[in-house]
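In case you want the letters, here they are:
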Amino acid sequence: MTKEWRPRIVAFFCNWCTYTAADLAGVSRMKYASNVRVIRLMCSGRVDPQFVLDALTRGADGVLIGGCHPGDCHYAEGNYKMLRRFQLLKRLLRDMGIEEERVRLEWISAAEGDKVKAVINEMTEQLMKLGPLGLPQRFEEWDKEVTRLEEEIRGDAAGAGCACAAKLQKPAAASKSEVAHV
Amino acid sequence: MQSTKENTRIGFYVCHCGHNIAAMVDCADVAKYVKGLPNVVLSRDYKYMCSDPGQELIQKDIREYNLNRVVVASCSPLLHEHTFRSATAAGGLNPYYFHMVNIREHDSWVHTDRGEATAKAKALAHAAIDRVAFHKALETKTVKINPDALVVGGGIAGIHAAMTLANAGKKVYLVEREPSIGGHMAKFDKTFPTLDCAACILTPKMSEVGAHPNITLWSYSEVAQVDGYVGNYKVRVKRKPRYISEERCIGCMDCISQCVFKEPKFEDEFNEGLGKRKPVYIPFPQATPQIVVIDPNVCLNFKRAKGPDGTPIVSDKCKKTCVEACGDKNAIDFTQKEEIKEIEVGTIIVATGFKTFDSKRIPGYGYGIYKNVYTALEIERLVNASGPTGGEVILREGKNPDGSPKHPKSIGIIHCVGSRDKKTNIWCSRVCCMYSMKLAHLLKEHTDAEVYNFYIDIRAPGKGYEEFYNKLLDEGVHFIRGRVGEVTDWAMTPEEEGKLVIRVEDTLAGYVRRIPVDMVVLSSGLEPQADAQDVRRLFNMSCGTEGFFLERHPKLAPVNTFTDGIFIAGACQGPRDIPDTVAQAGAAAAEALVLIDKGYVEQEPNTAFILDEECSGCKSCVPLCPYSAILYDETRKKAHINEALCKGCGTCVGACPSGSIVQNLFEDEQIFSEIQGVLAYD
Numbered sequence: 388m389t390k391e392w393r394p395r396i397v398a399f400f401c402n403w404c405t406y407t408a409a410d411l412a413g414v415s416r417m418k419y420a421s422n423v424r425v426i427r428l429m430c431s432g433r434v435d436p437q438f439v440l441d442a443l444t445r446g447a448d449g450v451l452i453g454g455c456h457p458g459d460c461h462y463a464e465g466n467y468k469m470l471r472r473f474q475l476l477k478r479l480l481r482d483m484g485i486e487e488e489r490v491r492l493e494w495i496s497a498a499e500g501d502k503v504k505a506v507i508n509e510m511t512e513q514l515m516k517l518g519p520l521g522l523p524q525r526f527e528e529w530d531k532e533v534t535r536l537e538e539e540i541r542g543d544a545a546g547a548g549c550a551c552a553a554k555l556q557k558p559a560a561a562s563k564s565e566v567a568h569v
Numbered sequence: 023m024q025s026t027k028e029n030t031r032i033g034f035y036v037c038h039c040g041h042n043i044a045a046m047v048d049c050a051d052v053a054k055y056v057k058g059l060p061n062v063v064l065s066r067d068y069k070y071m072c073s074d075p076g077q078e079l080i081q082k083d084i085r086e087y088n089l090n091r092v093v094v095a096s097c098s099p100l101l102h103e104h105t106f107r108s109a110t111a112a113g114g115l116n117p118y119y120f121h122m123v124n125i126r127e128h129d130s131w132v133h134t135d136r137g138e139a140t141a142k143a144k145a146l147a148h149a150a151i152d153r154v155a156f157h158k159a160l161e162t163k164t165v166k167i168n169p170d171a172l173v174v175g176g177g178i179a180g181i182h183a184a185m186t187l188a189n190a191g192k193k194v195y196l197v198e199r200e201p202s203i204g205g206h207m208a209k210f211d212k213t214f215p216t217l218d219c220a221a222c223i224l225t226p227k228m229s230e231v232g233a234h235p236n237i238t239l240w241s242y243s244e245v246a247q248v249d250g251y252v253g254n255y256k257v258r259v260k261r262k263p264r265y266i267s268e269e270r271c272i273g274c275m276d277c278i279s280q281c282v283f284k285e286p287k288f289e290d291e292f293n294e295g296l297g298k299r300k301p302v303y304i305p306f307p308q309a310t311p312q313i314v315v316i317d318p319n320v321c322l323n324f325k326r327a328k329g330p331d332g333t334p335i336v337s338d339k340c341k342k343t344c345v346e347a348c349g350d351k352n353a354i355d356f357t358q359k360e361e362i363k364e365i366e367v368g369t370i371i372v373a374t375g376f377k378t379f380d381s382k383r384i385p386g387y388g389y390g391i392y393k394n395v396y397t398a399l400e401i402e403r404l405v406n407a408s409g410p411t412g413g414e415v416i417l418r419e420g421k422n423p424d425g426s427p428k429h430p431k432s433i434g435i436i437h438c439v440g441s442r443d444k445k446t447n448i449w450c451s452r453v454c455c456m457y458s459m460k461l462a463h464l465l466k467e468h469t470d471a472e473v474y475n476f477y478i479d480i481r482a483p484g485k486g487y488e489e490f491y492n493k494l495l496d497e498g499v500h501f502i503r504g505r506v507g508e509v510t511d512w513a514m515t516p517e518e519e520g521k522l523v524i525r526v527e528d529t530l531a532g533y534v535r536r537i538p539v540d541m542v543v544l545s546s547g548l549e550p551q552a553d554a555q556d557v558r559r560l561f562n563m564s565c566g567t568e569g570f571f572l573e574r575h576p577k578l579a580p581v582n583t584f585t586d587g588i589f590i591a592g593a594c595q596g597p598r599d600i601p602d603t604v605a606q607a608g609a610a611a612a613e614a615l616v617l618i619d620k621g622y623v624e625q626e627p628n629t630a631f632i633l634d635e636e637c638s639g640c641k642s643c644v645p646l647c648p649y650s651a652i653l654y655d656e657t658r659k660k661a662h663i664n665e666a667l668c669k670g671c672g673t674c675v676g677a678c679p680s681g682s683i684v685q686n687l688f689e690d691e692q693i694f695s696e697i698q699g700v701l702a703y704d
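First to last, the sequence lines map onto chains A and B. Every position in the first sequence, counted from 1, becomes a number in the working numbering once 387 is added. Every position in the second sequence, counted from 1, becomes a number in the working numbering once 22 is added.
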C-alpha cells in the first residue's frame with residue numbers, strides 16, 4: 388500500500404438523535420475525519436451484535452454506535468436495550484482479543500453536532516494508534532494454518548497411524564475464526 | 023435472497039447540489055465507479071436532482087431503461103427522501119424501491135480532502151447499490167387523525183394558535199399553568215415599535231378565547247402525561263385545585279374585598295413582586311377566565327397545615343368571610359382536590375414560552391443588592407397604568423426631603439444582561455434591544471429623566487425597528503456603546519453621592535466612564551423555562567444545547583418537531599418577539615390543520631413482523647417492546663406483532679435469537695449488504 392493507512396469505521400446511528408446530529412455537523416460545516424461510514428437505523432436498539440461482528444469481520448477497524456441520551460430515546464427505551472447488549476458484546480470482544488477502543492457506544496443528541504465531530508476524531512486517533520484490526524487477513528492466515536495442519540496430520544496419519552489428537556487441539560486460532568464467522 | 027434472483031435493474035444518480043457536493047466530491051468519478059457495480063444499468067451525475075428536471079429524469083429513466091431500483095446520492099434523507107420516493111412512484115415504481123445516500127451533510131460539507139471525500143462517496147454509494155437490491159415493495163400505512171387539538175401554554179402564541187384552530191371549526195383544549203392566560207405579554211405596558219398598548223390588543227383576544235364555543239380553557243392546569251402517536255394522543259391533564267368552583271364563580275370578586283386580610287399582604291406574582299395581593303385573588307383585572315383563586319399557602323383557613331402527601335389541607339381556623347361574601351353563589355370550595363382529566367386529541371401545539379434570565383446571576387450589576395436596580399419586567403409593571411403604582415415611576419429606595427416618593431432623574435438601561443456572554447448565555451435574546459428602547463421611551467415620557475442605554479450592538483432588524491431607534495436618538499435618549507463593567511454605590515465625587523454609578527468602557531469614545539444614575543434597569547435575556555427538559559420528555563421532543571425546543575428543520579420545518587403531530591410555537595423554540603411569535607403560532611396551527619383536514623396521515627411502513635415458521639416462541643421479544651405491540655399467542659406458541667401499535671424502532675429485531683423478526687426497510691440482509699458495501703471500497 389502506497390497510501391497512508393487510515394482506519395475504517397462503520398457507524399450505526401439512530402435516525403432521531405445521532406444521525407440528525409451528524410446532519411447538523413454537516414449543516415454547521417464542522418470538519419472531521421473522513422473515514423467513518425454511517426449506516427442509518429431507526430433506533431440504536433436495532434443494532435444487532437451481529438452487525439458489529441460482521442463489520443469487523445469484513446475489514447472494519449472500528450465500529451461506532453450512536454443513540455439518544457438515556458431518557459431521550461424516541462422509542463422510550465431502545466437505547467437502554469442497546470446498552471445491555473453492548474455490555475455483553477464488549478465481554479465477547481475482549482475474549483476474542485479485540486481491543487475495547489475499537490467498538491464504541493456514544494449518546495449524541497440531535498443538537499450535538501460538535502460531539503459527532505469530537506467522537507469521530509478521537510476514535511480515528513485511537514485507531515491510528517492501535518493500527519489495523521485486519522480480521523479478513525487474519526482469517527486467511529488462520530485458514531492457511533488450518534489447511535497446513537490438516538495436510539500435516541494427513542501426512543502423519545498416512546505415515547505413522549493416528550497420533551494426531553493432541554495436534555488437532557493445538558491451534559486456538561482456528562476455533563476463534565469460527566466464532567467470528569458465526 | 024429471492025430479490026436478487028429477479029432481474030435487478032438499478033438506476034444511480036449522483037447530485038452536484040450546485041457546488042455544495044461537487045466542490046468536494048468528484049461526482050463524475052463516483053458515477054463512473056458505480057456504473058461498474060453489479061445490477062447497475064445506468065449511472066448519472068446531475069446538477070440538481072431535487073429540481074423538477076432532476077425528478078423527471080428519474081421518471082423518464084425508469085420507463086426508458088426499465089429500471090426497478092433507484093438510488094440517489096445527494097443530501098440527507100431527512101431532507102429529500104420523500105421527494106425522491108415520490109419521483110420513483112411517479113415513474114411507476116413502488117416508492118420503497120428507492121434508497122438514498124447522504125453525501126452532502128455526511129461527506130462534502132464535513133471533509134476537506136477531495137480525494138477522501140470522493141472515496142467516501144463511492145463507499146456509501148456502493149453500500150446503497152448492494153442494499154437496494156434487497157428492497158421490497160411496501161404499502162404505506164395510513165392512520166386516522168382525531169380532529170381535536172391540544173394547545174399547551176396560554177401566552178400569545180398559545181392564544182393565537184388556539185384561536186386559529188377554533189375559528190377553523192376545530193375543537194381545542196387550551197391548557198395553561200397559571201390561573202389566567204395571557205403569559206408574558208399580559209404584563210407588558212406597550213409593544214415595540216408601534217407603542218400600542220399590550221393589554222388593548224391582547225385582552226380582547228383573551229376574552230374571545232374564554233368565550234369561544236370551540237375552546238375548552240383549562241387554566242391553573244398542567245399536562246401530566248402524553249401517550250399515543252400522531253392523530254391519536256391520549257393526554258392526562260392535571261387540574262390544580264383553585265378552591266373555587268369554576269362553574270359557580272361569576273367573577274364578582276366580593277370574596278376578595280371581604281377577605282379577613284383587610285390589606286393585601288402577599289407578594290403579587292403578576293406584578294413581579296412590586297405589588298401585594300390577598301390569599302384570595304385574581305391575577306389581574308382582565309384575567310381570563312374571570313375566576314378567583316385561593317392560595318392555600320397563605321390562606322388562613324388552611325393555616326399552613328399539610329396533609330400526608332404534603333399538600334395544604336383545610337384546618338377551618340378562619341372566619342371565612344369570603345364564603346359569607348360569596349353567599350348563595352356558593353362558589354368557594356375548600357375541599358377541592360386535584361383532578362385528572364383525560365382527553366384524546368390528534369395534534370398538539372406546544373407553546374410554553376420562556377423565562378427571563380435571573381439577573382442575580384451577575385452580582386456586579388447589583389440586582390437584589392441595590393434596591394434601585396430593576397429588571398426590565400419590573401419596569402413594565404411600573405410604567406403600566408394598571409400596575410402597582412398606577413403607572414407612576416417611583417424609586418424603591420429613597421424619599422424626597424418632604425417625605426414624598428422619589429422619581430428618578432437619571433436612568434441607566436443595561437442591555438445584554440445574560441445574553442451574548444460566554445459566562446451566562448451565549449445567544450442573543452433578540453428582543454432586548456427593542457424592549458430596552460421602548461422602556462427608554464416610556465421612562466422618558468413618564469419621568470422626563472435623562473436615559474442612558476448601554477449596549478454592545480443595537481440589533482433592530484424588523485419592520486419599523488430601525489426607525490424606532492432613530493426616533494429615540496431624536497428624543498435625546500443617550501446611547502453609550504460598551505458592556506457595563508459594574509454597578510456600584512461607591513461614590514468618587516460629590517455628584518455621585520447617593521447615586522448608583524455605572525462603570526463602562528465607552529468603546530466609541532475610547533475611555534472608561536462613570537455615569538451616576540438614580541435607577542438602573544437590567545435588560546435581562548430570554549431563557550428556556552426551568553422545566554423545559556421535563557416538558558420536552560413529556561412530548562418526546564428534542565432540545566438544542568441551550569435548552570430551547572428543537573424544530574425538525576431550521577428552515578423547512580420550523581414549527582414541526584421530530585414527533586409527528588406535535589408542533590412548537592413561540593419563545594419555547596428560541597427567543598422571539600410578538601410579531602414573530604404570532605406568525606409562528608399561525609404556522610403551527612396551519613400545520614395541525616393540514617393533518618386534521620386531511621383526516622389521515624401516511625406512516626413509514628418500517629414496522630416489524632414475525633416469521634411464523636422461524637419463531638421458537640422463546641418470548642425474548644415480548645418484554646422489549648415499549649409499546650406492548652408484541653403478544654404471545656399461547657395456542658400457537660408464537661409471538662405476534664400488532665402492526666398498528668408497532669412504531670418501527672427495531673429493538674425486538676435486534677434481540678430475536680432466532681432471527682425470526684423482520685423490520686421492513688431495515689431487514690437484516692439489507693443492513694448486512696450495507697455493511698459489506700461500505701467496506702467494499704477502500
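No lab work stands behind these hints: they were computed from the structure. Watch out, some of these pointers could steer you wrong.
[Said to hold, decoys possible] Simulated crosslink set (DSSO-like; lysine-lysine; CA at most 30 angstroms straight-line):
{"no.": "1", "chain 1": "B", "residue 1": "K328", "chain 2": "A", "residue 2": "K504"}
{"no.": "2", "chain 1": "A", "residue 1": "K504", "chain 2": "B", "residue 2": "K445"}
{"no.": "3", "chain 1": "B", "residue 1": "K262", "chain 2": "B", "residue 2": "K328"}
[Stated by the list, open to error] Distance ranges between label pairs, derived from CB positions:
{"no.": "4", "chain 1": "B", "residue 1": "G681", "chain 2": "A", "residue 2": "E487", "range": "22 to 32 angstroms"}
{"no.": "5", "chain 1": "A", "residue 1": "G484", "chain 2": "B", "residue 2": "S108", "range": "28 to 38 angstroms"}
{"no.": "6", "chain 1": "B", "residue 1": "S642", "chain 2": "A", "residue 2": "G484", "range": "52 to 62 angstroms"}
{"no.": "7", "chain 1": "A", "residue 1": "P519", "chain 2": "B", "residue 2": "P60", "range": "42 to 52 angstroms"}
{"no.": "8", "chain 1": "A", "residue 1": "G484", "chain 2": "B", "residue 2": "K166", "range": "53 to 63 angstroms"}
{"no.": "9", "chain 1": "B", "residue 1": "S650", "chain 2": "A", "residue 2": "A544", "range": "57 to 67 angstroms"}
{"no.": "10", "chain 1": "B", "residue 1": "P645", "chain 2": "A", "residue 2": "L479", "range": "20 to 30 angstroms"}
{"no.": "11", "chain 1": "B", "residue 1": "L667", "chain 2": "A", "residue 2": "E538", "range": "55 to 65 angstroms"}
{"no.": "12", "chain 1": "B", "residue 1": "S680", "chain 2": "A", "residue 2": "K516", "range": "32 to 42 angstroms"}
{"no.": "13", "chain 1": "A", "residue 1": "P519", "chain 2": "B", "residue 2": "N254", "range": "28 to 38 angstroms"}
{"no.": "14", "chain 1": "B", "residue 1": "T134", "chain 2": "A", "residue 2": "K516", "range": "44 to 54 angstroms"}
{"no.": "15", "chain 1": "B", "residue 1": "G295", "chain 2": "A", "residue 2": "K516", "range": "41 to 51 angstroms"}
{"no.": "16", "chain 1": "A", "residue 1": "P519", "chain 2": "B", "residue 2": "E364", "range": "26 to 36 angstroms"}
{"no.": "17", "chain 1": "B", "residue 1": "D331", "chain 2": "A", "residue 2": "G484", "range": "52 to 62 angstroms"}
[Said to hold, decoys possible] Sample of chain B residues with no beta-carbon within 12 angstroms of chain A, all distances over it, derived:
{"no.": "18", "residue": "P117"}
{"no.": "19", "residue": "N124"}
{"no.": "20", "residue": "A143"}
{"no.": "21", "residue": "P576"}
{"no.": "22", "residue": "D690"}
Yeah, the Cβ is synthetic: ideal placement off N, Cα and C, and Gly gets one too.
Consistency of the hints with the structure:
1. Pair hint B:K328 plus A:K504 does not hold up; C-alpha atoms about 52 angstroms apart against a cutoff of 30 angstroms.
2. Note on A:K504 and B:K445: the hinted pairing holds, with a Cα-Cα distance of about 24 angstroms set against a maximum of 30 angstroms.
3. Between B:K262 and B:K328, the direct Cα distance comes to roughly 16 angstroms. Compliance with the 30 angstroms bound is thereby established for this hinted pair.
4. Taken as a hint, the range 22 to 32 angstroms holds for the pair B:G681 and A:E487, whose Cβ atoms sit roughly 27 angstroms apart.
5. Under the hint 28 to 38 angstroms, the C-beta atoms of A:G484 and B:S108, about 49 angstroms apart, miss the expected range.
6. Here the CB-CB span from B:S642 to A:G484 is close to 29 angstroms, at odds with the stated 52 to 62 angstroms.
7. Against the hinted window of 42 to 52 angstroms, the Cβ-Cβ separation of A:P519 and B:P60 comes to about 27 angstroms, which falls outside the hint.
8. Between A:G484 and B:K166 the beta carbon distance is about 55 angstroms. The supplied range of 53 to 63 angstroms therefore holds.
9. Restraint check, B:S650 to A:A544: a C-beta distance of roughly 60 angstroms satisfies the suggested window 57 to 67 angstroms.
10. For B:P645 and A:L479, the Cβ-Cβ distance of about 23 angstroms falls inside the hinted range of 20 to 30 angstroms, so the restraint holds.
11. The supplied range of 55 to 65 angstroms is met by B:L667 and A:E538, whose beta-carbon atoms lie about 58 angstroms from each other.
12. Against the hinted window of 32 to 42 angstroms, the Cβ-Cβ separation of B:S680 and A:K516 comes to about 39 angstroms, which satisfies the hint.
13. Evaluation of the 28 to 38 angstroms hint for A:P519 and B:N254 yields a failure: the beta carbon distance comes to about 51 angstroms.
14. B:T134 and A:K516 have their C-beta atoms about 22 angstroms apart, which leaves the hinted 44 to 54 angstroms range violated.
15. With their beta carbons about 59 angstroms apart, B:G295 and A:K516 fall outside the hinted range of 41 to 51 angstroms.
16. Between A:P519 and B:E364 the beta carbons are some 59 angstroms apart, a value that contradicts the proposed interval 26 to 36 angstroms.
17. At about 57 angstroms, the CB distance of B:D331 to A:G484 agrees with the hint of 52 to 62 angstroms.
18. The claim that B:P117 lies off the interface holds: its Cβ sits roughly 17 angstroms from the closest Cβ of chain A, which is beyond the 12 angstroms cut-off.
19. Residue placement check: B:N124 does not keep its beta carbon more than 12 angstroms from all beta carbons of chain A (closest about 7 angstroms).
20. Listed as a non-interface residue, B:A143 fails to keep its Cβ farther than 12 angstroms from every Cβ of chain A; the least gap is roughly 10 angstroms.
21. The claim that B:P576 is not at the interface with chain A is violated, since a C-beta of that chain comes within 12 angstroms of its own (minimum 8 angstroms).
22. Chain A draws B:D690 into its interface by the beta-carbon criterion, the shortest separation being 7 angstroms against a cut-off of 12 angstroms.
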